[in-house]
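Here's the letter readout for the chains.
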Amino acid sequence: MTASADSAASRSKSILPGILVGGAAVVSLILFAVAPDWARQWPAEQIVPLRDWVTRFFQWLANEASFGLFTVKDLTRLVSDILSGPLTITDGLLHKGFSQFGLAALPWITVVLIMGIVGYAIGGGRLGIATTLGFAYLAVFGMWPDAMKTFSLVLVTVPIAALIGLMLGILATRNQLAERVLSALFDVMQATPHLAYLGPIAIFFGFGAVPRLIATAIFAVPPMARCTILGLRTVAPEIIESGLMSGCTPRQLLWRVQLPAAQRTLLVGLNQVIMQTLAMVVIASLIGASGLGHRLLFSLQQLQMGKAIEYGVAIVVIAILLDRISQALIARNPARAPTEAEKAALLRTSVILGILLASSILVAWLVPAFRLLPKDMTFTTAPYWDQSIRWLSRTLFVYLEFFRDDVTTYILVPIRNLFLSLPWLPTCLLVATAGLLIGGWRLAVTAFLLLGFIAAIGFWVPAMMTLYLTSMAVIICVLLGLPIGICAAHRPRFTRFALALCDTLQTFPSFIYLIPVIMLFRVGDLASIIAIIAYAMVPIIRYTHLGLMRVPANTLEAGIACGCTGRQMLLKVELPQAVPEILLGLTQTITMALFMTSITALIGSRDLGQEILKALPAVDTGRGLLAGLSIAAIGITATRLIETWAVRRKRELGLA
Amino acid sequence: MLSMKMVRLAAIGCVAAFLSGTTAGTANAAIPESSESIKIAMNNWTSQNVLSYITGQLLEKMGYTVEYIPSDSQLQFQALGNGDLDFQVEVWEGSMAEAFAKSLEGGDVVDAGSHTAVTREDWWYPQYVKDVCPGLPDWKALDACAEKFATAETKPKGRFVGPPADWGKHYSERIQALKMNFQEVPVGQAATLWAELQAAYDRKEPIVLFNWTPNFIEAKFPGEFVDFPDPASDAKCKTQPEYCGAPKSGYLKKAAWKGVQEKWPAAFAVMQHINFNNEQIAKAASMVDTDGLSPEEAAAKWISDNPSAWKEWVPAD
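So the protein lines, in turn, are chains C and D.
Note that our numbering has the first sequence beginning at 96, numbered continuously upward.
Note that our numbering has the second sequence beginning at 23, numbered continuously upward.
Note that these hints are calculated values from the structure, not bench results.
All of these numbers come straight from a predicted model, not from anything done at the bench.
Incorrect hints may have been included.
Example chain C residues on the side facing chain D (calculated, C-beta under 7 angstroms, incomplete) [unchecked claim]:
id	residue
1	F302
2	M614
3	V618
Ideal placement from N, C-alpha and C gives every residue a C-beta, glycine not left out.
Model the full assembly from the supplied sequences, consistent with the hints where possible.
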């Protein structure tokens, strides 16, 4: 009886917002129709000259600002010097050698052996073989020195970024204010396209490996921190209670109880750090990081697709191997102390391996081919790739022509025109109303100010272009990614494939697949949207999978016991439980799609990404940075709305 | 045995470092004036890389140490101004004029002179387009058959595949000024231009796109530039540049960080003397693009094949 009364009450509650939404829609439609000119287009003479101020501020900061004894630039350069310490070691070991001690870099045969042994020791035979083959690929395809330059940077970047992310995440769970500040900061960090901040970074931290490290960290820390927060928050209270009962200090509770319990989510975070780090390899070559990224861009510019693909594959290989090694490392159970017999065996193996490694160095010293494979001993598949891509574009083009032209003419162009004609004030008001309904006044005001900011600095029209590209892509991402994620969670055979697909999509440099996409679809919106989808679909797949895997076994059993059909299980039991993760995935997809629009400026859409590019030659820091922040503002508004709605929904479902 | 050798090597290394330190301290004019490495900017097209390696290898012959740092062609000017990069061997008028002028104004970058080579950047089409659009290369003829270049997005206007937005070109303005029946669709990076060209070329489809010379495209795809009103002869161009084409011979300069002249005066002199003409640049690039050498190897080969050219730039020992 009470149950039915409750449901009646909640039904009436759910009608009320419906009326409000309907009313708001009608009002805004009227507004859209009657809005005066100033409410449609922010008057040109009223545009806040913020970009000039920012540009001048950066000039001042770079040239004049000082703390008395030293300038701001001295300080940032000092940071650069400190960070380059660990790099000198890995650089020396892997490709530079230590000329001051007369030592050469490790020969490739030794590095391959070491990686194989590490893989075997951590993950068993399969991983051992995989790492050996993967690193041998780098040598045999003649890109060893470049691959090692990249690998050295990655080895230093990943732990630093992961550690910072973990610490910030822990801080956020401890302190509400910190969480709020950090959460906003992460939104900005993730959604601001790299091209917007590469300029300032180059001014303050110089050119080369260290700025690359910083640019990567900006990009890779947020997912780690977010996963830490999510992981720590979702540790079951019983586990924490049992920890408290056994007398843990807060520190022990964190390190011995909470973090291990949150392991699965933390692993996703670490995976993201690795993937983002390698995704940055190409971009970082714009500010002085040599290695695979530079070679890749060089090949692309000469239209040597095959070579570029080989470099791209090398990046993916490094990414996936590192990821699998780190996952296996954390998944091992270290709690048990080894027995005496095991210790002795370990010692024996280490001695044998040590001798093996030493002799590999000796062999390499005697036979130069083992130090660095000479060019005529390496081989390449590049010509075949070149031929097949051209063949594909020739054969498929005719069939795709109609699809491309129809989609462009009848779907994309009308929708684009609709977006471009959106007047700023009614649009902002509409979004603010949505905010009001979902989360109250605060959210409404935040949303209004963020979007109004874009109009006020004169970026409204390019921002609408960005919004159009992003929303088209996100819709398709969800339609495709959600089913893939569900499949991956239900069919273990498919899981491996889906996760490898995610890793590949994320790290295989978008610059490469943009080329065949352009050959088939020409420069234009359709090509941009396809490129965005390929990149931004990853989080929705990954987090859907994660969410479904985290549904507790007893909940599933209860569902089965109630006699749910497979379909009912999915829709009524599993998906609702997985909603928090799926929504996190959705917000990440939106952020990544927004981020990718700045890359699709590389295939020529006229959006905010283009504004960032235009700012580069004039060193117009303000213009680039503000265009970047406008992209971030769109992302934050969307993220906030969805997150608030998710929290509300959880409460309604009784999950929180 | 191995470790013995290493110790010995290390000892030699220390002595050498000590010696080089003392010579630099006592003899002022000795080369290298500073043991720090000279950082040369590397962009991502062939000729620039080969020329950079030639410069670097010549400097190494003189006793300098050299580092090659990859760089974006726009961001590099900030790095040159900060002394994070020391030298750029190819500064193109067409794509870098704005950023270069701005950095010269700041005073931290110096103009290290021009190459004999000239550059041209403008609208360009592959040869077969002439068959469908008679009267080319005149721009009026191109405008007359604009419809043949139309795509779903630009219909009924013709599509001009334009350069990346950060190259500071103003083709939309030119289209407006000349009232052409075209729409510019800019790409984001040069590779995109070539992808469009390759795809159109394989299907013999009409295309007009942004291109420049010297580059590797001329060897692979025959074609020519569209003739717009010539700024050299048309008086109107002085006051209203948007009506006119790009100069048919734009500059190709070299740029250096201002500190180079004090820190490595002899190296700076070499940088100023380095001078390539169009033919040399095309040849240097084709060693990589057609003969399959790596840029480093191409540079070494060029140096051993052309001693007469570089002996003029480098002081005799």
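Numbered hints the structure breaks, given as an ascending list: none
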